[in-house]
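Colleague: From first to last, the protein sequence lines stand for chains A and B. For the first sequence, numbering that gives the first Met the number 0 begins at 0 and goes up steadily by one. For the second sequence, numbering that gives the first Met the number 0 begins at 0 and goes up steadily by one.
Incorrect hints may appear among the rest.
[Said to hold, decoys possible] Some chain B residues well away from chain A (every beta-carbon gap over 10 Å; in silico):
id	residue
1	R59
2	I62
3	F122
4	K128
5	M150
6	V189
[Stated by the list, open to error] In silico SDA-like pairs for lysine to any residue, Cα to Cα no more than 20 Å straight-line:
id	chain 1	residue 1	chain 2	residue 2
7	B	K166	A	T2
8	B	K167	A	K7
9	B	K142	A	I36
10	A	K26	B	V178
11	B	K4	B	F57
12	A	K52	B	K167
13	B	K22	B	D209
14	B	K160	A	N4
15	B	K142	B	D114
16	A	K39	B	P109
17	A	K52	B	S43
18	B	K167	A	N35
19	B	K166	A	E31
20	B	K166	A	Y23
21	A	K26	B	A179
22	A	K39	B	V164
23	A	K26	A	M0
24	B	K4	B	E95
25	B	K167	A	Y23
26	B	K22	A	E43
27	B	K167	A	I55
28	B	K142	B	K166
29	B	K138	A	E31
30	A	K39	B	K160
31	B	K138	A	P38
32	A	K52	B	P109
33	B	K113	B	K167
34	A	K26	B	S25
35	B	K138	A	Y42
36	B	K142	A	N35
37	B	K142	A	E31
38	B	K113	B	S25
39	B	K138	A	D9
40	A	K26	B	K113
No lab work stands behind these hints: they were computed from the structure. Cβ atoms here follow ideal geometry from the backbone N, Cα and C, with glycine treated the same way.
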Amino acid sequence: MITVNGEKLDFSGTVTELLVVLGYGEKRVAVELNENILPKAEYENTSVSDGDKLEIVRFVGGG
Amino acid sequence: MIPSKEEMYNALAERHGVDFQKKVSSASVTVCGIGGLGSNISISLARAGVGKIHIIDFDRVDISNLNRQQYFPEQLGMYKTDALRETLSRIAPYCEITADCVKLDENNIPELLKDCDIICEAFDNAEAKAVLVNCVLEKLPEKYLVSGSGMAGIDSANTIKTRRVMKKFYICGDGESDVADGTGLYSSRVMVCAGHQAHTILRIISGKYDV
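Using the sequences and the hints given, assemble the complete structure.
Modeller: Dropping the structure here:
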């Protein structure tokens, strides 16, 4: 189990795959993995595993 | 005749307290994007007595901006940086205002934003918001960052909130309402979000970091 924005989720795979599962566009997010910002270039090669905590901020348009 | 610097400072200190005014007058904030959010945020900061305000935008004032952005019909066609600088100078004549008429991207963000205490993200485009936030979190992790996301439409103003997402990263808005859904942008609701952002910045300056 991983934790995404405070909610438990049964998932294993890369951050890119996780964003697809959640339906979040990669270009509109910021991802924090275990309290460290994850650079976008690393989404594809970063696997999330049991116990990982992610905070995913999604941006919507308007201002 | 406009009041002296001392008279204006004292009038603010009388209302906000000496301690707050001392902190706010030596603070520097960069506002990235001066549309509906950024123009309102900048005005709140100038009125509160923030010492240095740096405004950044590449756009010109358009008639479609006038429903929510702090520009005047006679300013149509002007660069927003020039137009808002003029307005801010009238509100706070002793505030040190700097402006860059440029489009921010990964290459110029670190250099242009390195000198301020607090960075305010106030773009309208979702992808541009993400670029700025990611770049600041990666390359300028020592900065406080206050972002806005989700203020479109005429839904309740009460759904707009401030969240402290990371230690130095705050986000204001409802997180959901996307202008791309065609719900429009209303001055009042955009100003609620801008108010949250400006207020969060002032709280950080005053040393209150919770939300």
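Colleague: If a hint holds in the structure, say so; if it does not, say that too.
Modeller: Against the structure, the hints come out as follows:
Look at R59 (chain B): its CB is around 16 Å from the nearest CB on chain A, clear of 10 Å, so calling it non-interface holds up. For I62 (chain B), the non-interface assignment is confirmed: its Cβ lies about 18 Å from the closest Cβ of chain A, beyond the 10 Å cut-off. For F122 (chain B), the non-interface assignment is contradicted: its Cβ lies about 6 Å from the closest Cβ of chain A, within the 10 Å cut-off. Under the 10 Å C-beta cut-off, the non-interface status given to K128 (chain B) relative to chain A is violated; the minimum distance is some 4 Å.
Not every CB of chain A lies more than 10 Å from the CB of M150 (chain B), the least distance being 6 Å, so the non-interface label is violated. For V189 (chain B), the non-interface assignment is contradicted: its Cβ lies about 7 Å from the closest Cβ of chain A, within the 10 Å cut-off. Of the pairs offered as hints, the one joining K166 (chain B) and T2 (chain A) holds, with about 18 Å between alpha carbons and a cut-off of 20 Å not exceeded. Proximity of K167 (chain B) to K7 (chain A) is assessed by CA-CA distance (about 25 Å); at most 20 Å being required, the pair is judged violated.
Only pairs whose Cα atoms come within 20 Å are accepted, and K142 (chain B) paired with I36 (chain A) is accepted, the gap being roughly 14 Å. At roughly 17 Å between alpha-carbon atoms, K26 (chain A) and V178 (chain B) fall within 20 Å of each other, so this suggested pair holds. Of the supplied pair hints, the one linking K4 (chain B) and F57 (chain B) is violated, its CA atoms being roughly 31 Å apart against a limit of 20 Å. A threshold of 20 Å between alpha carbons decides the hint, and for K52 (chain A) with K167 (chain B) the separation of about 18 Å falls inside it, so the pair holds.
About 18 Å separates the Cα atoms of K22 (chain B) and D209 (chain B), which keeps this hinted pair within 20 Å; it holds. Annotation: proposed proximity of K160 (chain B) to N4 (chain A) holds, straight-line Cα distance about 16 Å (limit 20 Å). Straight-line distance between C-alpha atoms of K142 (chain B) and D114 (chain B) comes to about 10 Å, which keeps the hinted pair within the 20 Å bound. For the proposed pair K39 (chain A) and P109 (chain B), the alpha carbon gap of about 17 Å is at most 20 Å, so the pair holds.
For a cut-off of 20 Å, the pair hint linking K52 (chain A) to S43 (chain B) is broken: about 36 Å separates their Cα positions. Restraint check: the Cα-Cα separation between K167 (chain B) and N35 (chain A) comes to about 12 Å, which is no more than 20 Å; the hinted pair holds. At most 20 Å may separate the alpha-carbon atoms for a hinted pair to count; K166 (chain B) and E31 (chain A) meet this at roughly 11 Å. Taken as a hint, the K166 (chain B) and Y23 (chain A) pair is broken in the structure, with Cα atoms around 23 Å apart against an allowance of 20 Å.
With a CA separation close to 15 Å, the supplied pair K26 (chain A) and A179 (chain B) stays within the 20 Å bound. As the CA atoms of K39 (chain A) and V164 (chain B) are separated by approximately 18 Å, the hinted pair is consistent with the 20 Å bound. The suggested pairing of K26 (chain A) with M0 (chain A) is violated, with an alpha-carbon distance near 25 Å, which exceeds 20 Å. At roughly 12 Å between alpha-carbon atoms, K4 (chain B) and E95 (chain B) fall within 20 Å of each other, so this suggested pair holds.
A C-alpha spacing of about 23 Å is found between K167 (chain B) and Y23 (chain A), which places the hinted pair above 20 Å, so the restraint is violated. Only pairs whose Cα atoms come within 20 Å are accepted, and K22 (chain B) paired with E43 (chain A) is rejected, the gap being roughly 43 Å. Restraint check: the Cα-Cα separation between K167 (chain B) and I55 (chain A) comes to about 15 Å, which is no more than 20 Å; the hinted pair holds. Distance hint between K142 (chain B) and K166 (chain B) is fulfilled; the C-alpha atoms sit about 10 Å from each other, no more than 20 Å.
Distance restraint check for K138 (chain B) and E31 (chain A): the Cα-Cα separation of roughly 14 Å lies within the 20 Å cut-off, and the hinted pair is therefore satisfied. For the hint linking K39 (chain A) to K160 (chain B), the alpha-carbon distance of about 27 Å lies beyond 20 Å, and the restraint is violated. Using a Cα cut-off of 20 Å, the hinted pair K138 (chain B) and P38 (chain A) holds, with the two alpha carbons roughly 10 Å apart. For the hint pairing K52 (chain A) with P109 (chain B), the CA-to-CA distance comes to about 28 Å; that exceeds 20 Å, so the pair is violated.
A distance of roughly 15 Å separates the Cα atoms of K113 (chain B) and K167 (chain B); the hinted pair therefore holds under the 20 Å criterion. Straight-line distance between C-alpha atoms of K26 (chain A) and S25 (chain B) comes to about 36 Å, which puts the hinted pair past the 20 Å bound. In summary, the hint linking K138 (chain B) to Y42 (chain A) is supported, as the alpha carbons are separated by about 17 Å, within the 20 Å threshold. Taking the CA atoms of K142 (chain B) and N35 (chain A), the gap is near 15 Å; set against the 20 Å cutoff, the hint holds.
Our distance criterion of 20 Å between C-alpha atoms is met by K142 (chain B) and E31 (chain A), whose separation comes to about 16 Å. A C-alpha spacing of about 16 Å is found between K113 (chain B) and S25 (chain B), which places the hinted pair at or below 20 Å, so the restraint holds. Using a Cα cut-off of 20 Å, the hinted pair K138 (chain B) and D9 (chain A) is violated, with the two alpha carbons roughly 32 Å apart. Of the supplied pair hints, the one linking K26 (chain A) and K113 (chain B) is violated, its CA atoms being roughly 24 Å apart against a limit of 20 Å.
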